[in-house]
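So the sequence lines, in the order shown, correspond to chains R and S.
Note that the first sequence covers residues 0 to 478 in our numbering.
Note that the second sequence covers residues 860 to 1132 in our numbering.
In silico DSS-like pairs for lysine-lysine, Cα to Cα no more than 27 Å straight-line: (1) R/K472 to R/K460; (2) S/K1110 to R/K13; (3) R/K39 to R/K151; (4) R/K235 to R/K197; (5) R/K13 to R/K409; (6) R/K357 to R/K409; (7) R/K357 to R/K13; (8) R/K472 to S/K887; (9) R/K460 to S/K1110.
Read the hints as simulated data drawn from the structure, not as lab findings.
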Amino acid sequence: MSQPARIPLRDEFKSRAHDALGDAQLRRNFRGAMDSLMEKRAAAFSDADERERLRTLGNHIRARALSRLPDLLEQLESNLTANGVQVHWAETTEQANRIVLDIAERRQARQVIKGKSMVSEEMDMNHVLADHGIECLESDMGEYIIQLDHEKPSHIIMPAIHKNADQVARLFERELGEPYTRDVNELIQTGRRILRQKFFDADIGVSGVNFAVAETGTLVLVENEGNGRMSTTVPKVHIAVTGIEKVVAHLRDVVPLLSLLTRSALGQPITTYINMISRPRQAGERDGPEEVHLVLLDNGRSQAFADGELRQTLNCIRCGACMNHCPVYTRVGGHTYGEVYPGPIGAIITPHLVGLDKVPDHPSASSLCGACGEVCPVRIPIPSLLRRLREENVSRPDPGHAVMRGQGSKYSALESTVWKLWRTLYTRPLLYRLFRFFATRLRALTPSRLGPWTEHRGAPKPAARSLHELARKHLEQPR
Amino acid sequence: MNAPRTFVPQATRVAEPAAAPRTYPEHKPERIYLFGTCVVDLFFPEAGMDAIRLLEREGIQVVFPQAQSCCGQPAYTSGYTDQAREVARAQLALFDQDWPVVVPSGSCAGMFRHHYQELFAGEPDTLARARAVAERTYELAEFLLHVCRVELHDQGPPTEVALHTSCSARREMHTHHHGRALLDQLSGVRRVDHDHESECCGFGGTFCVRMPDISGAMVADKTRSLRDSGAARVVSADAGCLMNINGALEKQRAPLQGQHLASFLWQRTGGQP
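The whole structure should be built from the sequences, with the hints applied where relevant.
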């Protein structure tokens, strides 16, 4: 598994989008999968009033937790420590990887088995461990599939959603020497058979965290395949990695958030497994890891936290509903974004993780249709935040007062001047009147090719008379 | 968290958002302001005139301030907030009487109703005015339905239409309910659904030129589903979407055309085109 992944280069969003749009199979895979997910979510929230009340509650729980984030993190650390869990703080992904490597070296680990974790993707943990001679195997079926194909997740919940059964069958045939079958159950059985032994061979199990409960020191982990439970109970060491925003104050907060998460993500009333991890194996207990570690990763989250508006980004409970409902994501797929988190939530969180200048096109990759904000289970105003990031993209920071890393990288003197002229036109009635006059009288001269617009559409031609003129004549109003 | 995947494409019906409550005045006003919008002004002026005629038929005097221009949305959604604010300020100054402001476009109405308050959050005096204007701003279909309580008498031959609602109209102004209710008053008009009805047409203001490939793919899908619906006409209350959809239909040399809801309602109810 030490072969480098095909990680696309940054700053090439549009060309990747172009390629994805031309890939008919990819388009069909995403459209079909997203349609199905949208239907499932809609069916899971059949009562609109209940859904909206629950979303409001979810928003309040997350906002309340974030308002006390530093205190809650300390409370979480103190309760976890009292339970016997070792808590580590990492500001950067390098630090987080160092922590994991130190544990692995101390335990002389050769093999790591991983439950699904997007934070470990942020850390690129598989490759970092591989570089140190440690095999890191994904145990989530979707993650396992893309790891076999040296790919990155294309969706935060369903990492292999860009592949259909035929593509998975051919992959298994090629990489595992399995006979070709498109029977999804058989394919899953193949993966299960191979993975099962790996759980027993692994020295360390790594997992993500869905919610970290401060008052009890509990790590909540949801999953459907049982691989999360195996990863966190069979190996002698369990390392959980999570972003600092995943903390909630109370155990009771988890109940509505779980309901929102599973219904928004896959339309499930509840996941097959809900793991609540509080401590390592105690004397006299027959299973469970000897050591449990929690790595709390910042990786740019405090930057979002520092701004009252951008902080709402951290409400996210990683359900993926915004992707499933996004007409852009549905068409270009997750790999087009070239980052760990694709889709609308990716477009608002990635700038904090890697710097806005590294992903300048992401906030623009939205028609601001609002579908993402409408389905977000914790009411993150994603369209407003996309708009805000567009503003930061073209605003050069005041010296010493940058809102975020990479701010202002899309500033262009030309575009800035165009918008100033636009403002002048629309704030000077006489000027606008002149403009209308020429636009309507010279409509025959409207060019038939208008840049990108006419690649897919005919050129719009102004009417012979503007509404201003027609209305004035009709209403006989003084000018 | 991974579940068994299904690969079967299915037509999708997304649950409707719960409508935001709004109380409407008990009586029709004597006068209203019309804010025509910049796209209607130059590209669909007849839709603006049909809006005026529909309102006048309800006994309402329409005031059209000649100094109006654009709501500021293009700059606002592009991140040029300061430029948007100045254009918005110029509009706000024009609607100082206590008359409703009616807008024949959902997204521009949404700008007045929701985003001016964000633009002027740091200017208490202007913010108060922005709030007052927001309170009395209506999208045209909403105003006809809930304030005029219009009763439409269809005089046209039987036909089938597909209604496209702009995303901001749908999500900020809930006008898909209003457009449907108005069309349903027309006895000879049957509304036909089109596949992925609630999905964006790909216009998105400057999105269509910033991300031309994605926008092009979106409008290609939208026009395909509109053509497949069997509708004789596309009706929409948003001029931006209409420009996008009509432009694509024209490029495809499709006989189908989109028409502004105001013009469709006016012509169906005996008004002369």
